[in-house]
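Those sequence lines, one after another, are chains A and B.
Straight run, no breaks: the first sequence in full-length UniProt numbering ends on number 346.
Straight run, no breaks: the second sequence in full-length UniProt numbering ends on number 250.
Please note that a few of the clues may not be correct.
Here are the computed lysine-lysine pairs in the BS3-like style, where the Cα-Cα straight-line distance is at most 25 Å [what the hints assert, rightly or not]: (1) B:LYS78 with B:LYS167; (2) B:LYS29 with B:LYS167; (3) B:LYS29 with B:LYS223; (4) B:LYS78 with B:LYS29; (5) A:LYS223 with B:LYS78; (6) B:LYS167 with A:LYS223.
Hint data in this document are derived by calculation from the structure and do not stem from the laboratory.
Just so it is clear, the structure is predicted and the values come from calculations on it, not from any experiment.
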Amino acid sequence: MLRPFPTPAAVSPEEDVIRPAGPCERIARLPADRWTLRETAFWLMPVLGYFAFPGYLMLGSQILIAGLFALSLDLIMGYAGIVSLGHAAFFGTGAYAAGLLASHGWHEPLSGLLAGAAAAALVALPVSLLVVRGQDLGRLIVTLGIGMLFFEAANKAAAITGGVDGLSGMEIAPLFGLFDFDLFGRTAYLYSLGVLFLLFLLCRRLVHSPFGLSLRGIKENSKRMASLGAPVERRLVSVFVIAAALAGAAGALLAQTTRFVGLDSLSFQRSAELLIMLVLGGTGRLYGALIGAALFLLAQDILAGLDPVYWQFWLGLMLVAVVLYARGGVLGGAALLAGRIRGKRR
Amino acid sequence: MTTALRTEGLSKSWGGFVANSQISLSLPKGARHALIGPNGAGKSTFINLLTGVLAPSSGEVFLMGERVTHLAPHERVKRGMARTFQINTLFPGLTVLESVVLAICERSGAARIWHRTVAGRRAEIDEAWDLLARLHLDRDADRPTRSLPYGRQRLVEIALALAARPKLLLLDEPAAGIPTGESSEIFDVIAGLPDDVTILFIEHDMDLVFRFARRITVLVGGKPLTEGTPDEIAADPRVREVYLGELPHV
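Let's have the full structure, built from the sequences with the hints guiding it.
Next comes the structure, spelled out in structure tokens:
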């Protein structure tokens with residue numbers, strides 16, 4: 001039977017209430033880290049995909065990278081409740097940082113990836129101080145404005161970034177000094193998958209931690225959190241910077257695997273599509289970000305093939321349907337459905 | 001004598017409107033003090049000045065002898081001041097247990113930990129269960145807060161405040177919104193609070209005030225009208241006039 005992936009938000013409401021008894025049950029409903037069979041099955045899919053669709057590895061890498069980027073937005077939006085329309089600022093910063101390193105003689109990929117993440121975290125710190133103070137609408141506008149600033153700054157600094165022509169001429173050394181980035185994208189795919197998986201594990205642990213619980217508390221009621229003694233703004237700054245580092249890592253992956261950075265990596269379009277991916281998959285669940293990114297890019301690929309001119313029309317239709325009929329995205333809808341099926345059986 | 005809470009000439013005004021004027025209170029440790037007054041008397045403003053949500057126009061606040069007038073709200077919490085809210089201010093999507101564990105983690109400092117799971121915090125979890133049991137909330141532990149009846153949610157309000165292990169507890173109309181027949185549960189909980197916790201009630205419910213308060217301050221028009229024991233207050237003709245005269249509110 002299809003059941004939603006276990007997230008703290010999804011586990012508790014639909015289940016039966018069990019009286020506390022043994023020490024095991026006392027913690028049964030608190031965020032833990034047990035790895036489930038469904039999760040193993042989920043992560044087997046991209047591995048099987050590698051063997052099953054050798055001709056689509058480039059698209060596959062794009063999906064994995066978009067998934068990492070969406071994971072980053074899920075941390076601040078799905079867990080901490082910060083809406084952002086300018087998250088591409090950090091994606092692009094990571095992409096340019098890694099790209100510039102690679103085109104200026106530093107070819108080692110892992111250190112380039114770290115540099116991309118670090119650069120994004122660094123610029124996110126001052127930005128976060130502006131963002132955490134506001135409320136929803138204010139945050140939306142501030143992040144939107146920051147995104148525009150970054151975009152135009154990169155456009156203006158054409159001598160460094162390449163401007164509208166983009167940044168190219170990168171050279172990436174073999175991964176671990178062993179695996180060349182080949183023409184078919186095999187190394188790129190496995191590299192992206194490995195980075196995504198490790199950073200996913202980090203996010204998973206983070207959202208199940210006391211820190212993660214406090215973020216959910218802030219999202220649910222920041223006034224109460226302050227009255228419990230929580231330094232609300234500091235917590236939000238922390239998660240914003242962590243999320244920016246993840247977005248920067250995603251951008252760096254894109255730069256390294258495509259050996260190109262375009263201005264579109266900083267564009268509003270990218271921020272907006274990211275939001276769509278996350279809403280499509282379901283917020284506050286981590287897996288929703290991954291599923292949303294895959295659905296969005298696959299739909300884009302298929303719809304653009306069927307209807308090259310008006311494909312965005314169908315995408316829009318799909319989005320409206322999801323928001324109206326499956327609140328909480330694909331995973332939210334699945335959880336609802338599973339709950340109903342269980343309810344009927346009883 | 002050690003005072004848990006002392007205010008000196010605490011005042012708040014916005015332009016020409018004076019919400020609180022020269023309020024000086026002194027609560028010894030373990031006090032059960034009620035602050036009463038008709039609507040608009042400035043009770044909520046006073047709470048906001050004590051907790052640091054509002055900055056006073058003039059005057060001082062001392063907590064356990066320490067001047068806290070200019071400390072941020074969360075720093076006052078760290079020093080032992082906790083409050084409940086007149087209107088439920090809870091975490092609707094978290095379960096009752098998650099809410100209380102969260103509150104305890106904030107107090108214990110564990111809330112900063114990001115590399116270990118909540119389920120591994122045995123000390124905090126055990127403490128949460130003990131607290132829930134004391135408030136008869138343990139059978140609702142795994143329910144999302146929003147699914148609880150209103151009266152049970154009022155208990156969660158108190159549980160979250162107690163998780164901070166307060167020295168001073170500010171109860172802002174703890175029984176507000178509970179039907180008269182169902183308030184005994186919350187009254188029992190309040191009666192069972194430890195003696196060393198100093199409590200300041202803001203209350204409309206005269207039943208609750210005269211049952212638990214050992215001293216009462218009457219606030220009218222932002223100013224303290226009088227202070228005394230429940231018997232003295234009940235017998236005071238001025239109080240009867242301004243407060244008990246407004247029976248519809250009681």
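We went through each hint and held it up to the structure:
1. Only pairs whose Cα atoms come within 25 Å are accepted, and LYS78 of chain B paired with LYS167 of chain B is accepted, the gap being roughly 10 Å.
2. Among the hinted pairs, LYS29 of chain B with LYS167 of chain B is consistent with the structure: their alpha-carbon atoms are about 8 Å apart, no more than 25 Å.
3. Between LYS29 of chain B and LYS223 of chain B, the direct Cα distance comes to roughly 24 Å. Compliance with the 25 Å bound is thereby established for this hinted pair.
4. Taken as a hint, the LYS78 of chain B and LYS29 of chain B pair is honoured in the structure, with Cα atoms around 18 Å apart against an allowance of 25 Å.
5. A C-alpha spacing of about 16 Å is found between LYS223 of chain A and LYS78 of chain B, which places the hinted pair at or below 25 Å, so the restraint holds.
6. Note on LYS167 of chain B and LYS223 of chain A: the hinted pairing holds, with a Cα-Cα distance of about 21 Å set against a maximum of 25 Å.
The structure meets every hint from the earlier list without exception.
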